[in-house]
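Spelled out from the first residue to the last, the chains are:
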Amino acid sequence: MASALKTYGTLIGFVLVVLFFWIEIPDTFMTAKNWLNISQQVSMLAVVAFTMTIVMVMGDFDLSVGSMASLAGIVAALAFRDGHGVWVGVALALAVGLVGGLLNGALVAYVGILPFVATLGTLTVYSGLAFLVSGGKTIFGRDIPTAFSGFARSGISLTDTVSLPSLTIVAALVLLVVWFTLEQTTFGRRLYAIGGNKEAARLAGIRVRRLRFLAFGLSGLGAATAGLMYASRVASANPTQGSGLMLDAIAAVFLGMTMSEEGEPHVAATLIGVLILGVLGNGLTQMSIDSYVREVLIGSIIVLAVASSSLGKTKG
Amino acid sequence: MASALKTYGTLIGFVLVVLFFWIEIPDTFMTAKNWLNISQQVSMLAVVAFTMTIVMVMGDFDLSVGSMASLAGIVAALAFRDGHGVWVGVALALAVGLVGGLLNGALVAYVGILPFVATLGTLTVYSGLAFLVSGGKTIFGRDIPTAFSGFARSGISLTDTVSLPSLTIVAALVLLVVWFTLEQTTFGRRLYAIGGNKEAARLAGIRVRRLRFLAFGLSGLGAATAGLMYASRVASANPTQGSGLMLDAIAAVFLGMTMSEEGEPHVAATLIGVLILGVLGNGLTQMSIDSYVREVLIGSIIVLAVASSSLGKTKG
Amino acid sequence: MDGRRCRPPDRVSDMTLLSINGLDKSFAGARALGGASLEVRAGEVHALMGENGAGKSTLIKVLAGVVKPDAGAIAIDGASVTIGSPADSLRLGLRFIHQELSVVPHLSVAENIFLGRDYPRRWGVMIDWDGLNRRAAAVLAGLGVNHIPPGRKMARLSVGDQMLVKIATAFQDASVEGGAPARLYVMDEPTAALSAEESQRLFAVIRRLRAAGAGIIYVSHRLDEVMELADRLTVLRDGATVATRDIAGLQKLEVIELMIGRRFAEGYPPRLAPVSSEVALNVEGLSTAYLQDVTFEVRKGEILGLAGLEGAGQSEVIRAIVGADGGHDGAVSLAGRPVKIEEPVSAWAKGLAFLPRERRQEGLVSSASIAGNVSLPHLDDLVRFGLVLDRAAEAEQAVDLGRKVKLKSKGPRQKVRELSGGNQQKVVFARAIAGSPDVLLLDEPTRGVDVGARYDIHALLRELTAEGKAVVLASSDLPELVYMADRIIVFRDGKVATTVSTEGLDQAGLAALCFGTPTAPSA
Amino acid sequence: AGKIAVITPYLAQPGTQFYVEAFQAAAKDKAWDVNVIDTKGDVAAVISRLEDAATQKVDAVVINVDPAQVEAGLAAVKDAGIPVVGMDAGASPYLVTNVTSNGYAMAADTAAYVANRIEGKGSVVMFVFDAFPPVQVRGVIADAVFGNNPDIKVLDRVTPDVSDGGIADSRAKMEAILAANPDKGSISAVWAAWDQPALGALQAIEAAGRQDEGIVITGIDANPQAREAIAAGGNFEASMAQDFHGIGAAAAEAVAQTLSGKPPKSSVTYVPTKLITIDNVKE
Ligand SMILES: Nc1ncnc2c1ncn2[C@@H]1O[C@H](COP(=O)(O)OP(=O)(O)OP(=O)(O)O)[C@@H](O)[C@H]1O
Ligand SMILES: Nc1ncnc2c1ncn2[C@@H]1O[C@H](COP(=O)(O)OP(=O)(O)OP(=O)(O)O)[C@@H](O)[C@H]1O
Ligand SMILES: [Mg+2]
Ligand SMILES: [Mg+2]
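Protein chains in written order, with my numbering: chain A, 1 to 316; chain B, 1001 to 1316; chain C, 2001 to 2523; chain D, 3001 to 3283.
These are computed hints drawn from the structure, not numbers from a lab. One or more of the hints may lead you astray.
[Stated by the list, open to error] Straight-line alpha carbon distances no greater than 20 Å define the calculated EDC-like cross-link-like pairs of lysine to aspartate or glutamate that follow:
hint	chain 1	residue 1	chain 2	residue 2
1	C	Lys2153	A	Asp27
2	A	Lys198	C	Asp2118
3	D	Lys3040	B	Asp1290
4	A	Lys33	D	Asp3183
5	B	Lys1198	C	Asp2486
6	D	Lys3057	B	Glu1024
7	A	Lys33	D	Asp3161
8	B	Lys1137	D	Asp3161
9	C	Lys2415	A	Glu199
10	B	Lys1137	D	Asp3143
11	D	Lys3057	B	Asp1160
12	A	Lys198	C	Glu2480
13	C	Lys2153	A	Asp290
14	B	Lys1198	C	Asp2088
15	C	Lys2153	A	Glu261
16	A	Lys137	C	Asp2118
17	C	Lys2406	C	Glu2480
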């Protein structure tokens, strides 16, 4: 019982939050439409958090994801402005994400810089580049092809009024890919081994450096994907728009980590973390809670939600 | 030689940066006045980074320092507005910092929440509180007593044109206190042991929980001090003004950590980290480098500065 | 275990499998290896001997690709090789059981076994978890281990079981059906954390591998075991090879002399003073989730041994007394006064010293210095002006105790991480005897310590008891218990099975008691 | 030639970019060497950069931040004998002059537009940002206008998270508000203190398929994205155009006059603003 609380405490916290909103906002909260809405609202955060999970499985961080998301959006938008097609822009942005991520990986794995320092450095570099190439301006309007901005508004109709948003589908696909990679491939299992004990992993013949290098590449790719989704959703790109993603993504992974016995990240748990953040924002706004009170509540609820799963985990 | 590079690489990087500016800006950079200026400019960051070092010595983080700095500034300003004297406002703000820090400590040490999650939660709570009590407004003008805002402009005259700023003195005092606490007392020694191996420390008779609790209290106190310094410097308080401090403070500690063989934080090394950040800002401004290029440069230089001390530290 | 070996000597071929020549390695100026050479033939067990800090583990780490040598040549089957990484080493057919256990705690036993290998898959994509677990079970069974479920998280196993998994991992190629053994197996004190029975099973596998033509490098401080198992031995002293000999016809005393460079009689120091009648520690009805109703007392000047199979409750009793795992039922009193100890901090404060079983996880802050580790529980005695740490006194304490336990180091400020395994163990022991405690609770205090230093530690225990200290000694080293303890409590399944006096008890008798053999004599 | 430092924490804001660009264009004609410094929202860093500019001995400084908050830096610049011109900054004895639009008037114009368009009754969602003094005054004026209409109810007074530029979080907030008020007519208008939240709200309304309920949206700044939305004839009906180029150019002119020894006499220089609706957006 006590041990169940430790593992499921955060999940129970999440369920309680959902129940609370269901009771408080009986008409609109627990509807398919609202949940699809939430899924769409959190989709960008979700993608970043999912790929951040890959890095955090190894015990590392990637602070540069927010800047990278901004940069990727800018790169795509600039390609569009220069008359390139949607796919060219998207491919370019993803390439930038992959290369930027691999640069992080090289700094961490081969040069040996602490992930925090390395990705804080590249956070600044990528953000500076985003400002530099965009001239600090927001790119929008005619420059953004409707085929691109239309994507975020499109979806698969489920009923007359409800449709499954494309952004939700993208996030779900990323979830699936990351889940498969982490839980069902030797690549993923080796990442877990690295996170659990780098020395043991290396002694077992695992190429720790190469895997870390690649994992950061995936995180960069995820950040770029989220940046594209963001740009599509707001039909514009500006050099700061991704910056809120980093801390929330790490928070989501950490929230998820409270749900595993040994405290290692799992992408399914990260999803719960993302949903906790998303549902709190959605529900409290629907309840017309004052912005400031809302902030206090969100922080408190997060702490309370994980408290039950943490109680007694420390000694001494 | 190679090992000297590993330990002193970051320091050498710092010296090179200084030499570069000295050559590029021969007249004004390497002057007592400019260095006192820099010392004043980084003083708030320095205080947060120094007390953050205490927490990071144990292997923990405190993400709430930025919010706490904002909140402390607001608390003091509101006290002033209500007609209380400077000392009442300052004492209140410091008390809030201590209590907030101890709350973090309780969540981490006694409830057992991961420091990242706990302080991310309280980051949100303290920031929300800062907005709430201030009504989201900036408090400035008549409400701030000149005795308070004058402090940041005061200093001890050294020569006719050069004076040692009060804010610099505060930062130096905090440095001294933190250095003494960490390096010369049994309290500090125990914190390092906790950071090295929590379980071994506990079994060797260290009250791990109590010490973590107290250390977070000190970090909160430092954040509040920095918040007061900031409020005094800008002669106003607003609920977001401290938010830039957290990431920079953690970065400074990490930069310092690259200078120790074991990768553990030391407050003297944190000072170098703070100065790297401060000197880059100062020097690049004086060289009239474009804002965006400056950002790219700062990120790159940080990475390069630590690269030499990191090369080869990883294996496998 | 009478030291008699029955093996067909003709199995040892003359083919040199591995040859190491003139290996040098210094760490920041301190020499760990200087002219180390070693030759291992296919089909032999080659013991690598030496005092703590002689360079055995460093040599092994060079072979494993963990440490890069400064100079020296390595050849396998006559062809010179460079080993740049553990992956290289594995590819060359070398398998290792390292001195320091390194496992991935949050992965399953099966995953730990197949770390770095390809997992079996279904339809070419999904991991076949059942297949993985089956194969892991087969690998464990090859070592005669059937009690460890392959699906269990590594963190949930006892350290002894973790060691068994690591050993099984090294042997996996040979243990699956139709699998061929690797070229060379390198084992750095594999039995340090094993029970006598588990050691025997390990030896059986080693003999099987030898018969199949593999080479084995074997490191141990247990001389009996080396004499029983090895074909030849090479001795390192201060990083240099001093001799290589055939075991046949060699005496233990000669081996010791080669190791430490002087004459030395293996044995146990005699008791210096009689046991007092005053009770130092009294435990009554101690119960936890694992222990049931443990009652005993230790008198001043007495050494009370705790024996039993791995996990029978010896460690748990000590941990419960010092409050390492939180609360417990039952009463503990010190010198007649009842005490309540819920945290280790109060144990130390009340004059109990605690030496935990696992030096790396539970004992040492390896990033800290020797002095810092020794002083950890005693910091309050080392302050000036109420809060300033007296570093000079701290260093002095470490130097003083270091000399007593024969610590080999560059000085009190050397990082513990840089010490050899045996020397790390001496640091933990030095901590326990610092600050003159009334009762010492020692869990495997001499694990990995060389014969010479082991004697010194035993002599120290004799001195301490002569001063009226009481010692509780848990050990899997049966001779140590039989010769050092006055009485021995034998545990079985968390309960006290029996308490015996060591008078007239021998190792075989104690082993029988541990197993609960019905014919065992009772005290 | 002169060395001019332009220091602002707000360069990421479109408005700031426009007048900085206009300033730079004017500076080019005058062959000035302009260094634009963005401190990314950090006001204390503005003080630091002011001190650096004083050390560097530039010829003039232009700031775009509340002068009361950076007085320590302004004092250092003054001690160095360097003149400071405010570009949409605020009134201060340290400034030669402050070139700006009238923020009170802009908020009054848009709030009155909303009140009139919904005929003095209905529910209004406000997007405000009180932490930033120039935007805070807009909220105060709008509160007064809506408060003066007894049948207007302020449904929610939202402070969006601006770290992402303000659009996306405003959109998410608006989506939640729409979900909580699902009935047609339950929301009459959205008044935003600047354009980004207005754009976010517009996107939310369109995504929810409620663009035909006649919800009136107004913003302030009339940035290009807002103008495009207004020109499209949807819910986003009005915004206030500040003459950003005018502010930049006027600031440059003020610097030029100061450098030539004839500083402007008035401590504030207002540049006219204009309400932009579908009728005049194309101009
Ligand atoms: N990383 C290191 N840094 C500095 N010195 C080291 C390092 N590793 C080993 N040494 C030193 O090298 C010497 C040899 O150590 P090694 O671990 O090889 O000894 P060992 O023969 O295995 O001893 P033991 O029987 O205690 O395990 C010791 O003096 C040790 O202090
Ligand atoms: N750091 C910030 N904090 C809060 N809001 C900000 C910040 N930076 C920019 N904004 C918002 O972005 C808006 C757009 O900025 P812009 O510079 O165009 O307007 P403004 O010139 O400040 O208006 P005014 O002329 O009335 O002062 C600002 O009005 C403000 O609401
Ligand atoms: Mg060894
Ligand atoms: Mg403005």
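A quick look at each hint next to the structure:
1. C:Lys2153 - A:Asp27: This hinted pair is violated, its Cα atoms lying about 45 Å apart.
2. A:Lys198 - C:Asp2118: The hint holds at about 18 Å.
3. D:Lys3040 - B:Asp1290: Cα-Cα ~13 Å, so holds.
4. A:Lys33 - D:Asp3183: The given pair, whose Cα atoms are some 15 Å apart, holds under the 20 Å limit.
5. B:Lys1198 - C:Asp2486: 35 Å, violated
6. D:Lys3057 - B:Glu1024: Status holds; Cα separation ~15 Å.
7. A:Lys33 - D:Asp3161: Distance of about 24 Å is beyond 20 Å: violated.
8. B:Lys1137 - D:Asp3161: Given pair lysine 1137 of chain B, aspartate 3161 of chain D holds - Cα atoms ~15 Å apart, limit 20 Å.
9. C:Lys2415 - A:Glu199: Status holds; Cα separation ~19 Å.
10. B:Lys1137 - D:Asp3143: 15 Å, holds
11. D:Lys3057 - B:Asp1160: 18 Å, holds
12. A:Lys198 - C:Glu2480: 36 Å, violated
13. C:Lys2153 - A:Asp290: 46 Å, violated
14. B:Lys1198 - C:Asp2088: Violated - the C-alpha atoms of aspartate 2088 of chain C and lysine 1198 of chain B are around 35 Å apart, more than 20 Å.
15. C:Lys2153 - A:Glu261: OK: lysine 2153 of chain C and glutamate 261 of chain A at ~10 Å, within 20 Å.
16. A:Lys137 - C:Asp2118: At roughly 50 Å apart (the allowed maximum being 20 Å), aspartate 2118 of chain C and lysine 137 of chain A break the hint.
17. C:Lys2406 - C:Glu2480: Roughly 19 Å separates the two Cα atoms, so the pair holds.
Comparing the model with each numbered hint stated earlier shows that hints 1, 5, 7, 12, 13, 14, 16 do not hold.
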